[in-house]
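If you want the building blocks of each chain, they are given just below.
Number of protein chains: 2
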Amino acid sequence: MSEGKKLGLTVKKAENLDEWYTQVILKSELADYSPVSGCLVYRPTAYGIWERIQSATDAEFKRIGIQNVYFPIFIPERLLRKEAEHVKGFSPEVAWVTQTGDSKLEERLAVRPTSETIMYDVISKWIRSWRDLPLRLNQWNNVVRWEFKHPTPFLRSREFLWNEGHTAFATKEEAMKERDQILGIYKKITEEYLAIPGLVGRKTSKEKFAGALESYSIEHLLPDGKAIQGPDFHFDGQNFAEVFGISFIDKNGQSQFAWQNTWAISTREIGVMTAVHSDDRGLVIPPRLAPVQVVIVPIFEDSSRDEVLEVARGIRDDLKATVSVNLDDRDYLTAGRKYNEWELKGIPLRIEVGPRDVRDKKVVLARRDLLSKRSVKVDGVREEVSKELENIQKNLFEKATNFLQANTRRVDSYDQFKEIVSKMGGILQSPWCSTDDCENGVKDETGAKIINVPLEQRLQGAVCIRCGKPAKVLANFAKSY
Amino acid sequence: MSEGKKLGLTVKKAENLDEWYTQVILKSELADYSPVSGCLVYRPTAYGIWERIQSATDAEFKRIGIQNVYFPIFIPERLLRKEAEHVKGFSPEVAWVTQTGDSKLEERLAVRPTSETIMYDVISKWIRSWRDLPLRLNQWNNVVRWEFKHPTPFLRSREFLWNEGHTAFATKEEAMKERDQILGIYKKITEEYLAIPGLVGRKTSKEKFAGALESYSIEHLLPDGKAIQGPDFHFDGQNFAEVFGISFIDKNGQSQFAWQNTWAISTREIGVMTAVHSDDRGLVIPPRLAPVQVVIVPIFEDSSRDEVLEVARGIRDDLKATVSVNLDDRDYLTAGRKYNEWELKGIPLRIEVGPRDVRDKKVVLARRDLLSKRSVKVDGVREEVSKELENIQKNLFEKATNFLQANTRRVDSYDQFKEIVSKMGGILQSPWCSTDDCENGVKDETGAKIINVPLEQRLQGAVCIRCGKPAKVLANFAKSY
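Going line by line, the protein sequences match chains R and H. Numbering that gives the first Met the number 0 applies: residue 0 is where the first sequence begins, and numbers increase by one. Numbering that gives the first Met the number 0 applies: residue 0 is where the second sequence begins, and numbers increase by one.
By construction, these hints were calculated from the structure, which means they are not laboratory data. Don't take every hint at face value.
To be verified - Non-contacting residues of chain H with respect to chain R, defined by C-beta distances greater than 10 angstroms in every case (computed):
{"hint": "1", "residue": "M175"}
{"hint": "2", "residue": "K376"}
{"hint": "3", "residue": "L454"}
As the list claims (entries may be wrong) - No farther apart than 16 angstroms at their CA atoms in a straight line, the calculated lysine to aspartate or glutamate pairs in the EDC-like style are these:
{"hint": "4", "chain 1": "R", "residue 1": "K87", "chain 2": "H", "residue 2": "D101"}
{"hint": "5", "chain 1": "H", "residue 1": "K87", "chain 2": "R", "residue 2": "D101"}
{"hint": "6", "chain 1": "R", "residue 1": "K422", "chain 2": "R", "residue 2": "D436"}
Each residue gets a CB set at the ideal place from its N, CA and C atoms; glycine is no exception.
Generate coordinates for the entire structure from the input sequences, incorporating the hints supplied.
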C-alpha cells in the first residue's frame with residue numbers, strides 16, 4: 000500500500016453494518032471486487048485464511064478416513080436433470096456452457112453448482128459389492144450458483160470455494176453415524192479456528208437441500224441480529240442411489256441401494272468471521288487463521304536506529320519457529336502509520352520495539368482484539384507471544400459466544416415474538432407444531448423463519464407459538480440472511 | 000475392488016504403449032473416465048499424488064515469497080480480447096458460458112484457459128508506486144482448454160489442475176532473476192518428487208506462449224521416444240503491462256510499466272510419471288508422492304493367524320509415525336491376490352508377514368520398482384523401510400535419467416537426423432541457424448520440432464543441420480506429444 004493512500008474506515012460498525020463490512024473487506028485488502036459481477040478476488044489474506052480453514056478441516060476428514068478426489072467442473076445437462084427435486088432447486092442458478100471455440104455444443108454443460116449428479120453417475124460403476132463400501136469421498140473445489148439476489152462478498156457469491164463430501168454406506172445406521180462425525184468436525188473448526196459459535200440443528204422439510212431426505216446445519220448470528228447458515232450436512236437416504244443405480248450385493252447376496260450423505264463448509268465462513276470479529280479499526284483475524292500472526296514494528300529514531308533494528312530482528316528470528324511473524328522495517332513510514340495499517344489488516348498481535356524499550360530490555364505487546372498494550376521482557380517474549388495469541392483466540396470466541404447467548408431467547412408468546420423480531424432480532428427459540436402452515440405463517444407474519452431445529456429436545460407441554468396447538472419441537476427462529 | 004473382477008494388465012508396455020497406458024490408469028484405479036468427453040475423474044490415488052506435488056511445490060513458492068490468491072473462474076470476453084496474440088492463441092479452445100438460469104448473458108464469459116487477463120485487469124488497480132512491487136502472486140486452480148485433438152488422460156485433458164504464478168517487478172533484471180528461481184523449483188520437484196528428469200531450455204518464437212516475449216520449458220521424454228512439455232515459465236516483458244495499464248511511479252517520480260512473468264506446473268506431470276515409471280504389472284508411484292507408501296500383507300494360515308496378525312499390527316504401529324502405511328487384513332482374499340492388487344496399484348513397498356517369518360522374527364520386504372524381495376529383522380524394520388523407500392525413489396530417477404541420456408543424441412548430419420527420428424525417436428541435439436525457415440522445414444520434412452534450446456550454449460563452428468549455414472545454437476529436436 001502506498002503512502003498517502005486513504006487508510007482507515009469512514010463508517011462505524013454500529014451505524015452502518017453493510018457499508019462497514021464492505022469497507023473492512025476492501026480497505027484491509029482481504030479481498031477485492033472482480034470484473035465479473037458477484038465474483039470475488041481473494042487477495043493473499045483471504046486466501047491464506049481459506050488455506051488454514053481447509054488444512055485444519057482436511058486433517059480432520061483424513062483422520063476419519065475420508066479420501067479426496069477431483070471430478071470435472073462440467074455436468075452434462077441430462078445428468079443434472081436426473082433427480083427431479085435436485086434440478087428444480089439448482090437449475091435457476093446454473094451457468095451454462097453452450098459453445099466451445101467456434102462450435103455450438105450438442106448438449107449444454109452446467110458449471111457445477113454442486114457435484115452429486117456427476118459423481119453419482121461415475122461411482123455407480125465403482126460400487127458392486129458390500130466390499131466396496133463405505134466409499135467416503137470429498138473434493139475441495141469451486142462451484143458456481145448464479146444467484147440473482149444482491150451479491151455480498153463471501154456471504155453470497157456467484158462463485159465460491161468449498162469442500163463437498165459425498166459418501167455411500169451399506170446401512171442407514173453407518174450413514175447416520177457419519178452425521179455426528181461431520182457435524183462434530185464442522186463445530187470444532189468454526190469454534191476453535193474461526194472462533195464463531197453456532198446453533199446445530201435439523202432444517203425443516205421446506206428448507207432442506209434439493210434432493211436430500213434430511214438436512215442439518217450450523218447457524219451463525221451476524222452483528223445485525225440476522226442468522227446465516229454455516230456448514231451443512233445432508234442425509235440423502237437412498238434417494239440419489241435409486242435414481243443413479245448405486246446398488247450393491249450385500250453379505251447375503253441381496254441387491255441393495257446405498258445410503259448416502261453430502262456435506263460442505265465454504266468460503267462464506269470468511270465473511271461471517273469478518274463480520275463477527277472486526278471492529279471500527281478494521282479487520283480482526285483469529286490467530287489460528289491469520290497468515291501473519293505477529294508484526295514487529297521498530298520505532299526508529301536517528302540515534303538508536305541500528306540498535307532498535309537489531310533487537311527487532313533478534314525477536315523475529317526467535318519467534319519465527321513458532322509463529323508467523325513479519326518485521327516491518329520500512330523506513331518511509333512512521334511507526335504510528337504502521338500501527339494503523341496493521342490494525343486495519345487485522346494482524347492479531349503487534350510488537351513495538353522503541354529506543355527506551357531496548358534500554359530496558361523490554362518490548363510492548365499490543366493486542367488487536369482489545370487494543371490493549373503491555374510491556375514484557377525481551378527474554379521471555381516467545382512464551383508471552385504464544386500465550387497472548389491463545390488469549391486472543393479464546394477472547395474472540397468468548398465474545399462471540401456471549402453475543403449469541405445474549406441474543407438467543409426462549410419465547411412462548413406470539414406477541415412478544417413479533418416484537419423481538421422487529422425490534423431486536425437474534426434467535427428466538429419457540430415451540431412449533433411442526434406444520435408447514437405455521438412455519439409459513441410465522442415467516443409471512445413476522446419475517447422470521449425456522450433456521451433449524453435443535454437435535455436434543457426437552458419440550459414438555461408447550462404449545463405452538465402461532466396456532467396454540469400442542470407443540471412437537473422447540474425450533475430456532477430468526478430473520479435469516 | 001471386488002473379488003472376481005479382472006485384475007492385471009492384458010497388454011505389455013513395449014508392445015502397445017497407448018493401450019497399456021490406458022489400462023494402467025483405469026485398472027490401478029488411478030483415475031477414471033467421466034461423462035464429459037476429455038475430462039477426467041481423479042480417484043484418491045491420482046488426487047493424493049497431486050496433493051503431494053502441490054504441497055511440495057507450494058512450500059518452495061512460499062519460501063521465495065510468493066503469495067497465493069484466488070481469482071474468478073470466469074473472464075468477460077472483452078478482457079480476453081484485450082491482448083491480440085493472447086486471444087488468438089486461446090479463443091479456439093475457450094468454453095463459453097452464454098446463459099445463466101433461463102437468461103442469456105449480455106456478454107459471454109470465458110471459463111478461464113489461463114488467468115492473465117482477469118488478473119492483470121485487477122492488479123493494475125493495486126500497483127501505483129515502486130513500493131507496491133514486486134507483486135508475486137500464484138493460484139492453484141482448474142482451467143479449461145477445449146482442445147479438439149484426441150484427449151489422453153492427464154497428458155491432454157480439457158480440464159486440468161495447475162498452479163499459475165503471475166508476478167510483476169519494477170525491473171527486467173528482477174523478473175529474469177525469478178526465471179532461475181522458478182525453473183529451479185520445477186526442476187527440483189520433477190526430479191526429486193516425480194523422479195523424472197527433463198531438458199531445460201528456451202522455446203522458439205514459434206512455440207512460445209501466446210502473449211509472452213520468451214517462454215522456457217522443462218521437456219520430458221516418454222517411453223515411445225516422443226517428448227512432452229512439462230512445467231513452463233514465460234517472461235512477458237512489459238507486453239501485458241502496456242495493454243492492461245500496469246504502471247507505477249518509480250523512485251525518481253517517473254511512470255514505468257511493470258515487468259511480468261507467468262509460470263505453471265500441471266496435472267499433466269501425473270501422466271508423465273505414470274508413463275515413465277510404470278511397467279507390465281501396473282502403476283509404479285515414486286515413494287515421495289505415494290498416498291500409501293507401504294502395504295503390509297499378513298499371510299494367514301489357520302493355526303497361526305492371530306500371531307501373524309499381531310506382528311503385522313505391531314509393524315504398522317511402529318511405521319505409522321514415519322511413513323504412510325496400510326495393513327491389508329481382509330480375510331476374504333489370498334495373500335497372492337493381494338500382492339497382485341497392490342503391485343497393480345503401484346504401492347512402492349510391500350511387507351509380507353508369514354508364519355515362518357514370525358517364528359524367525361523376520362519379515363520380507365518386496366520392492367515395487369525391482370520386484371525384488373529380501374528378508375529383514377522385525378527389530379530394525381522401521382530403518383530398513385525408510386532406507387528402502389529412499390532407494391526406490393533414487394532408483395526410479397536413475398532409471399529414467401539413463402533412459403533420457405541413452406535417447407539424447409548429438410546429431411550433425413541431416414540424413415542421420417531423419418533416420419533417427421523415423422526409427423528411434425528420442426531427443427536430437429543439433430545445430431540450428433535460428434531461422435523460422437529451417438525450424439519449419441525440419442518439422443515438415445522429419446516430423447521433429449524444436450522442443451527447446453538449452454540455456455547454456457557452447458557451440459563452435461557447427462553448421463545448421465538443414466541449410467548448412469553457420470548455426471547460432473544447438474537446439475533440442477524431437478517428435479513431440
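Checklist entry - Far enough from chain R: is every CB of that chain over 10 angstroms from the CB of M175/H? => result Its Cβ never comes within 10 angstroms of chain R, the nearest being 24 angstroms, so this holds.
Item to check | Distance rule for K376/H, whose beta carbon must clear each one in chain R by more than 10 angstroms | outcome: 32 angstroms, holds
Next on the checklist: Checking one constraint from the list: CA of K87/R to CA of D101/H, max 16 angstroms. Satisfied?
Outcome noted: 12 angstroms, holds
Checklist entry - Would L454/H pass as off the interface with chain R, using Cβ distances and a cut of 10 angstroms? => result 31 angstroms, holds
Checklist entry - Is K422/R close enough to D436/R, meaning Cα to Cα at most 16 angstroms? => result Measuring from Cα to Cα gives roughly 25 angstroms; hence the hint is violated.
Next on the checklist: Check whether the Cα positions of K87/H and D101/R lie no farther apart than 16 angstroms.
Outcome noted: Holds - the C-alpha atoms of D101/R and K87/H are around 12 angstroms apart, at most 16 angstroms.
Violated hints amount to a single one, hint 6; each of the other numbered hints is respected by the structure.
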